[in-house]
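The lines below spell out each chain.
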Amino acid sequence: MRSGLALVFLLAAVLCLSAPLCAEVSLSQETQACIECHQQIHPGIVADWQTSRMAKTTPGEGMNRPASERRISATTLPKELLDVVVGCNECHSQNQAQHKDNFEHAGFQINVVVSPSDCKVCHPVEADQYGLGKKAHARGNLTDNPVYSVLVNTIVGMRDYEGVKKVAEKPTPLTLNCTCFACHGTDVTVKGLRKVESPFGDFEVPDLSGWPNQGVGRLNPDGSRGACTVCHTRHAFSIAMARKPHTCGQCHLEPDVPTFNVYQESKHGNIFSSSHQGYDMEKVPWTPGKDFRSPTCASCHNSLLAAPDGGTTIAERTHDFGSRPWVRLFGLIYSHPQPKEGRTYIIKNKDGLTLPTAFTGEPASAFLIDAKEQEKRTTGMKRICGSCHGSAVVNGHFAKLDNSVKEADAMVKRSTLLLMGAWNDKLADKTNPFDEGIEQKWTSQWLFYANSLRFAGAMMGYDHAAFHYGWWNLSTNLQDLAEAIRLKKAVKHR
Amino acid sequence: MRSGLALVFLLAAVLCLSAPLCAEVSLSQETQACIECHQQIHPGIVADWQTSRMAKTTPGEGMNRPASERRISATTLPKELLDVVVGCNECHSQNQAQHKDNFEHAGFQINVVVSPSDCKVCHPVEADQYGLGKKAHARGNLTDNPVYSVLVNTIVGMRDYEGVKKVAEKPTPLTLNCTCFACHGTDVTVKGLRKVESPFGDFEVPDLSGWPNQGVGRLNPDGSRGACTVCHTRHAFSIAMARKPHTCGQCHLEPDVPTFNVYQESKHGNIFSSSHQGYDMEKVPWTPGKDFRSPTCASCHNSLLAAPDGGTTIAERTHDFGSRPWVRLFGLIYSHPQPKEGRTYIIKNKDGLTLPTAFTGEPASAFLIDAKEQEKRTTGMKRICGSCHGSAVVNGHFAKLDNSVKEADAMVKRSTLLLMGAWNDKLADKTNPFDEGIEQKWTSQWLFYANSLRFAGAMMGYDHAAFHYGWWNLSTNLQDLAEAIRLKKAVKHR
Amino acid sequence: MRSGLALVFLLAAVLCLSAPLCAEVSLSQETQACIECHQQIHPGIVADWQTSRMAKTTPGEGMNRPASERRISATTLPKELLDVVVGCNECHSQNQAQHKDNFEHAGFQINVVVSPSDCKVCHPVEADQYGLGKKAHARGNLTDNPVYSVLVNTIVGMRDYEGVKKVAEKPTPLTLNCTCFACHGTDVTVKGLRKVESPFGDFEVPDLSGWPNQGVGRLNPDGSRGACTVCHTRHAFSIAMARKPHTCGQCHLEPDVPTFNVYQESKHGNIFSSSHQGYDMEKVPWTPGKDFRSPTCASCHNSLLAAPDGGTTIAERTHDFGSRPWVRLFGLIYSHPQPKEGRTYIIKNKDGLTLPTAFTGEPASAFLIDAKEQEKRTTGMKRICGSCHGSAVVNGHFAKLDNSVKEADAMVKRSTLLLMGAWNDKLADKTNPFDEGIEQKWTSQWLFYANSLRFAGAMMGYDHAAFHYGWWNLSTNLQDLAEAIRLKKAVKHR
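Residue numbers (our numbering), protein chains in the order written: chain R, 1 to 494; chain A, 1 to 494; chain S, 1 to 494.
For the record, the hints were derived by calculation from the structure and aren't laboratory data. Owing to the predicted nature of the structure, the values given are computational and were not obtained by experimental measurement. Heads up, a few of these hints could be off.
Note: identical chains are not told apart, hence a pair may lie in one copy or across any two.
Unchecked claim - No farther apart than 20 Å at their CA atoms in a straight line, the calculated lysine-lysine pairs in the PhoX-like style are these:
hint: 1; residue 1: K134; residue 2: K340
hint: 2; residue 1: K340; residue 2: K195
hint: 3; residue 1: K170; residue 2: K489
hint: 4; residue 1: K166; residue 2: K441
Please build the complete structure, drawing on both the sequences and the hints.
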């Protein structure tokens, strides 16, 4: 009889995995009130939240876990958060004084947008790390950098031709929000109030501009920067999802930042695609080889990694995504040491431009990490590789990476010298360096092709080194650029 | 002892999931006869069918389900179909008089091709809806439209150069079947009979042309249009597979219709890729948030959606895939209101061309749905979004969508005006508007780049709005077009 | 009580699936010694190996399986391998006399690189088949072929422009290893010794060049060719992974060899993406329809396939991947019958070039299989198709394939004739046929676009036939080539 009961419990345990509310959870009264209406109006939000760890565990329980397994980095928590699960009200009511999007709603004071400052109540270490990095400043790094602003306006602004003359227009805000700022982050502001009709009556709610958006450098109505939900998608806020490569692949895609594509074709990506169903993507700390057979983006760039012995840390968790890499490959004219801080618009190169290198490649070293810090980071990254690879593999890989970066930069420099020659010969106008035919070839050379080669070398996606926006394109585009300049000289039709 | 038995039953129940025939199923005598030979000759077909719902459930059982869960839309069924599972003979013997591909085979009268008219015996609502839409007419919408016929012949026809003169050839039928008609549908006709050798003796069977094909507008030997199996792949006919984005991705792919690619990089696509293993893809009706965390193509474009309460319908099922969208983004020069009916070759624009807009963008309004119908459809789609999103997100998204479409169209118009200028200046010959260098740049502008931007705006795939065939390409291609025309003027080498 | 025990065993059995070492396995003393240190230094390798079949089964047990299910093809095995699982020492200590990378390490003689010759101890049939094919010779087929060597050097070598003159440089070894040789295979040699520091003291280990690498034609330090681990990724060596399309997709990717991309968009690829979770990817022999619903690359190109009756073989296993196809589509100017053997650099065409066809298409028939062998292979492949498809589908498909290949070749020939005309007119210099603008257009015509069309026809990826590097590109590129040549004539600016 007892074993019969055991069977019932076994089945019950199995069923509970897919029925998150079958165990009794402690909802706050406020959250209970939210759910009562909102699960009727847009039930998907509630159902999604019910799958989350936040809907099943109270912060108090989370605080009681061993330090290495803890997901909460706060050492103390507000008393009212300890014994209820983290529901609607717990997130949408923090820091109300700062929130310009706060409004009275059915007797509650609600913020529309939940920001990193709100998540910080339980996750201060992560929020602070994130705030230091380039992601948090991704919007300002475009808008406050005069060079990139010209690039942005040239690419996504309407243009017209009157006879031979080009007429450029400034991009509209909605277009910027659908293109560059979709990933870099919008400025979310409150325009006023608008009326919403619902089965429960009409409501006045804040009317937002720049919304919806999940850009990494979003300016929030509480003055904070960023969006935790870009990776920990609302309302499940899953660590597993944040660790999966598809999440990074929302923004880091070819042709401009082909890391997701390079990963997919790499041996690591192949192992992931072929065997990830068996991984434990939720485990904290995360153990290479045991919890996952192949690294994902998160394994190398931010997760807390531990050896199978449980005690030895291989890499500390970080939410400053620029803090592990030593070299910056990302979308710029030349590779260079990582910037010292997240705001790249403060960098000035030797020619006074807000770029981390000169047009001819010299780094703006005062703003970039030094050789010693680079060495320290390289050693840290090699330690991660070393979880699964001997030193012959690791050193051999780094030699290939360094070589790819060096030759990609060299192939860019040759195109830059050709373009500078054309500028000198008045075959193109340097005022806007991005808007003429030969300038666009030059932009493709670094923004797409050199970038592909660099990332291919870094992450073993060798078709992206050879044919797929790599060497084939670096070579033929340089050839095309040279021929276009030659033709311009021959025809002199400007 | 009883719990021991329970354990045995538990195990048996688990095993049965992977052994579809372990339960007793009622095969018709005819189907039993088919299987006896065919599982020896091409066993994969039989094994695939055994995984299907059709192989496990009789239509009579299906009719007894609650109305909202029913997969059969017929109100009455032929008596002989009620109590046997749907096997070989049940599908391959319908409507014999109409089937020019019907033949005597081992004592049975068999149709080679199963058509929407045959599926209609049990699924009349779906077959009728499908027959009204553009998919059912996808073949005629190419072949009976003189403008598109020129485009088709220009792209997939052999061409040659004798000195400076281009010589174009008409595409071969097999090439058309491997390219445009692969998705749009072939004309399946019976050429005669051919002999087949088998372990059971020689047989004479119909010799088909245009076969195999699963194009959505296939002309079948019974005179019907379409192929249910393009989405409900034979012989499993799975609703789960039809709901997965890969199925739509067989045809709706970049560069011409990049909806699958845009979806994959969107937040929705990321959630799907990262978490779909936990979805219930078979459930009817389908409940957002509960059965799936992220929508797939089917969620928004055709599935029956219901609220978690089980009673409230969010969207009715439709198999007319043009009936939910209000605007048509799909592969044409300019966006425009959805056509009133599936046959688009009957449309005439103000210049008398069979196009839904003029070259300069004016819609052929008499053939397109009006503003009121557009409004109604927009409201319906927003209701689907509303399952998981509040009105701030929904309205903000639609504003971005509208803006993307508007600016994509404007960037096309500027390229059209440049081309029209070139035609006027005799720099190109308008007779075939698709076959010269500058005309091909213009075609790319709308068929690839504007299309990418439109779909990116519609489905949040913002790298396709910015760099991946989006704004970058719209801008540089317009620049290249202007420069090519300028060079043609300068060189006057035609 | 007994059923309670049964429950415990059931649970234990379930748990054991994820805890490979919970059953007692017989490690050799040597392997036990390796693991003791190495699971501390790079635990991921050990954890990965523990998931493998090799870590759980002794070769002796493997030999006792029925012949058709056996994974070991040796008829006798060294006695010391029979009763221990295949661990570190079993693989890293074979054939020491041949291994220039053998070294003394902590009292053992260890080879760094495990080669096909080492795997051959248990898998001689597979190693021998592999050694015959083009994969094993993939490196020499580039380096020992003067035509391809020029192509390689042109694509991945740095180039510069001094005024109008192009200066080409030879590619560096590291660049070659990151591009062409990443897939084709490096030459792994021992440069000397290097010192490694570890928690267990310092060691001297061989210092390798050309490492790491998993190219299919790798030259190993024991003189053998190839890398079994490119598909059976170390250290899990999984047959399931080797059978998954992502594995082939490490190298066979667009734009040059778009088979993975074509597969993904095909009906077969769609079925795989939509339903592969339910497949038995480990089963030997592998039964179409039962173990898998859609073929993967391996199903058609190398796996042992059997009918569901268990006895009838549909296709014998082969590791000579060129032995099933009758026609070679792969990356070359024109399609042609498969070469008679794996070394393609011995082929001479009628003009004395090391190419399987002349520039004008005539095959170098003496080096290629004859019509009879082609017919035999076609019949073998059709038998595989026949597992799931009747002859109408199979024959119709092959007619489309043949037509696609024929027309792709014809579109290449037209571009070749244009280029030959330009060479004759001194508009380009034939010495290096790959390095000028119009030559690069010609190279794209066959290496990317004709290749896409051929593979699209072969594997039903029809968007790759129409728009995605297929007909659209074949047509517009031919047009561009003709216009570029015309412009060169007009400007005469060379």
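Practice task
Hint by hint, work out which the structure violates, then give me just those numbers in ascending order.
Solution key: 2, 3
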